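Asker: Both chains are sitting in their own frames, so use the hints and assemble them into the complex.
Sequence lines, in order, name chains A and B. Residue numbers for the first sequence follow this note's numbering, beginning at 1 and rising by one. Residue numbers for the second sequence follow this note's numbering, beginning at 209 and rising by one.
It is possible that part of the hints are untrue.
[Claimed, not checked] Partial list, computed: chain A residues near chain B (C-beta under 10 Å): (1) T23; (2) K25; (3) L29; (4) R80; (5) P119; (6) F139; (7) V142; (8) Y144.
[What the hints assert, rightly or not] Here are the computed lysine-lysine pairs in the DSBU-like style, where the Cα-Cα straight-line distance is at most 30 Å: (9) B:K342 with A:K87; (10) B:K342 with A:K25; (11) B:K247 with A:K14; (12) B:K247 with A:K198; (13) A:K87 with B:K292; (14) B:K309 with A:K150; (15) A:K70 with B:K247; (16) B:K247 with A:K150; (17) B:K309 with A:K87; (18) A:K150 with B:K342; (19) B:K292 with A:K150; (20) A:K108 with B:K342; (21) A:K183 with B:K247.
[As the list claims (entries may be wrong)] Computed footprint of chain B on chain A, listed as stretches where at least three residues anywhere in the stretch have a Cβ under 8 Å from a Cβ of chain B: (22) 54 to 64; (23) 120 to 128.
FYI, nobody ran anything at the bench for these hints, they're computed from the structure. Note that the structure is a prediction, hence the values are computed from the model and not measured. Each residue gets a CB set at the ideal place from its N, CA and C atoms; glycine is no exception.
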Amino acid sequence: MGVSNVKQWSRIVKEALDRAFFTAKFLCLLHVSNTYLCTVALAHGPSMLPTLNLSGDLILADRLSVRFGKVGPGDIVLVRSPQNPRKIITKRVVGMGGDRVTFSVDPKDSRRCETVVVPEGHVWIAGDNIYASTDSRNFGAVPYGLLQGKVFWRVCLFHLLISFHNTFFYRLLHFILLWGYIKWNIIFDCLENFRIEKDNILNHMPRK
Amino acid sequence: MKCRRFGGKGEEDMGALSKLSQWRTLAREAAERTAILAKFLCILHVTNTYICTPTLVYGPSMLPTFNLTGDVLLVENLTVRMGKVRPGDVVLVRSPENPRKTVSKRILGMEGDRVTFMIDPKNSNRCQSVVIPKGHVWIQGDNIYASHDSRNFGPVPYGLIQGKVFFRVWPLNGFGSLRQ
Chain A
1 MGVSNVKQWS RIVKEALDRA FFTAKFLCLL HVSNTYLCTV ALAHGPSMLP
51 TLNLSGDLIL ADRLSVRFGK VGPGDIVLVR SPQNPRKIIT KRVVGMGGDR
101 VTFSVDPKDS RRCETVVVPE GHVWIAGDNI YASTDSRNFG AVPYGLLQGK
151 VFWRVCLFHL LISFHNTFFY RLLHFILLWG YIKWNIIFDC LENFRIEKDN
201 ILNHMPRK
Chain B
209 MKCRRFGGKG EEDMGALSKL SQWRTLAREA AERTAILAKF LCILHVTNTY
259 ICTPTLVYGP SMLPTFNLTG DVLLVENLTV RMGKVRPGDV VLVRSPENPR
309 KTVSKRILGM EGDRVTFMID PKNSNRCQSV VIPKGHVWIQ GDNIYASHDS
359 RNFGPVPYGL IQGKVFFRVW PLNGFGSLRQ
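The shape of chain B in the complex, shown without the other chains (with noise of 0.2 Å):
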């Protein structure tokens, strides 16, 4: 398609120009994607925020209520945020050792329980009793033979707690909330 307005000019200038016209449409069209793309992950860090994310988990220290190999369950920390997290639940907790890993486990305890629990359940039978310190939780994992929690680090700050989980999605025969 040849355009006449430039009547005269000549083949080699309308190469450049519309080699330019079509870096300018190429460049608008990614700026429209980029855009596109910007605002999809803004709703979805929003819904993440407020509604509910999707996690898995894996590891020995929640059977039998979550699987060894991986369960995908959504999490939501409305209930975190307003402070109504109750003994029973299970959370996901940034862990105090290692800033970088999520673990979830349950809680059992909050300020100012007395909780009791046994120290090494595979050797000896031997308990102990501590008050939980203001501002703390403590959670402790549902297998206690191959877990490392509160019995190991002591209670953990309210604040480390990243959200309450509420729902399984898989595998699919789990599928559903979680049931104490």
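So here's chain A without its partners, still in its complex pose (with noise of 0.2 Å):
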């Protein structure tokens, strides 16, 4: 009687540990291709309307353009700001190192425009709405490194969700998060019992 329950115990720790690792693999997976394919971000804000909404988007993001440099103007770009480490903006490339860039200072008092060149290794990024947005008009050129990744794609689905409250979106994507687990540990055990059949199989064929 102790036998067996041992066994039990052991057979469900190796179960446990099993799924722990599969775990820690997808998780690994997923960080991996965050870091170096394509992230996910929520941009809110009225610095890039009409763009993008004031109240909140998803959008994805590619790493690989902005690892390969090929980053041009006119293209929306997740930045690191230079005022504030910790937070990522959303802006649109104007100019790039060498680039002649022109810009109004103060367009709600003025119509004065000031003309700068970007120095080498740096862009230039202004929000949308230029009433509404700090950018390389308050802080200067930004260093290309402080980019961050490429916006290519508004996932436009959310954009209803969140115009309800706040807390469903959230609950939404754990929601999501969860199904996508359970449904990849149900694909884990078919493999497993696929590859237990099949070793079965081959060791049953030299007696036929």
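Answerer: Written as structure tokens, this is what we have:
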């Protein structure tokens, strides 16, 4: 009786360890693809109106373009703010290193313009809504190394859900993540069963 | 080893089928090896991000702390991400002039500090004082005669800091953690 208990426990512990390893591998893969391939961001604020919403837009940004230097004027990029390193802002690239950029200093009060040459290794970023945007007109050209990703896709589905309560959106996101995790576990079980059956068949073959 | 299950079909079909199964075994083995390699690279990436990563630094700008010909150092970036970098730490910084280059320098001042530095130590004794703006740091090489740093390109944004150096692995006579 004691022996069968120990056997059961060891089986349960082994299964728990297998699941834990599988989860760890999945999270590693997610982390790697988030760092090197594509990342998700929630952009909110008035500085990119009318392109992006005031209350929030779920956008996808790819990291490969920034790594290989394929960012150019007109691209919307995610930038780590030079004034607050914990904040990531969404702006449009207006000029690259070496370009001459003309901008209106204070569009609400006057029509005065200034021209600036962007230094090498820097980019000039500006929000689409020049009346409500802190960008390179305030803190100057930002070094290229602060760029985090180039935005290429807006997920429109969540626009409808965000206009409801904010916590509903987060609950939905958690539900989707949990569903994805459970589905992967089921697939993992199927693969395990397939492998066990295949081993059984291969073990039985020489007898025939 | 002849398989008797397909009795009566002849040897040409057997040749084609066995070649197909050979290809399938090869493909499966290649997929398994690639999966193992991918898992290893993922774990390496996670270790580099959350624990530490080794780097090779060379150049004259951090003499006598680091050698001219090259030192292998261990760099961690948890301290950077938590914002606990302090003046006196040696850090790896992505150069603001060339985004593909990563340089190693020492932090002399954080945001709000007033930094006094010699503009051109080889020619004159003239000093200048600067207040570091918000969100920026002042980096300087230990060898002020041969270092291209914040005295040339100004304070750099904190977001450009890639990691903090905490241990030296090579050369072996300098093995150990770095002290100021």
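Asker: Against each hint, give a clear statement of whether it holds in the structure.
Answerer: Taking the hints in turn, this is what the structure says about them:
1. T23: Violated: closest Cβ of chain B sits about 13 Å from A:T23, beyond 10 Å.
2. K25: holds (6 Å)
3. L29: holds (6 Å)
4. R80: holds (4 Å)
5. P119: With Cβ-Cβ at 8 Å, under 10 Å, it holds.
6. F139: holds (8 Å)
7. V142: Check passed: Cβ of A:V142 comes within 7 Å of chain B, closer than 10 Å.
8. Y144: Because about 4 Å separates A:Y144 from the closest Cβ in chain B, which is inside the 10 Å limit, the hint holds.
9. B:K342 with A:K87: Roughly 13 Å between the alpha carbons, so the hint for B:K342 and A:K87 holds.
10. B:K342 with A:K25: violated (39 Å)
11. B:K247 with A:K14: holds (21 Å)
12. B:K247 with A:K198: holds (24 Å)
13. A:K87 with B:K292: holds (16 Å)
14. B:K309 with A:K150: Holds, at about 21 Å.
15. A:K70 with B:K247: holds (29 Å)
16. B:K247 with A:K150: Holds, at roughly 27 Å.
17. B:K309 with A:K87: Since the Cα atoms of B:K309 and A:K87 sit roughly 24 Å apart, the hinted pair holds (cutoff 30 Å).
18. A:K150 with B:K342: Holds, at roughly 26 Å.
19. B:K292 with A:K150: This hinted pair holds, its Cα atoms lying about 29 Å apart.
20. A:K108 with B:K342: Cα-Cα ~26 Å, so holds.
21. A:K183 with B:K247: holds (20 Å)
22. 54 to 64: Not satisfied, violated; 0 residues make the cut.
23. 120 to 128: As far as the stretch 120 to 128 of chain A goes, the hint holds, because 3 residues have Cβ atoms under 8 Å from chain B.
In summary, the structure is inconsistent with hints 1, 10 and 22 from the numbered list given earlier, while agreeing with the others.
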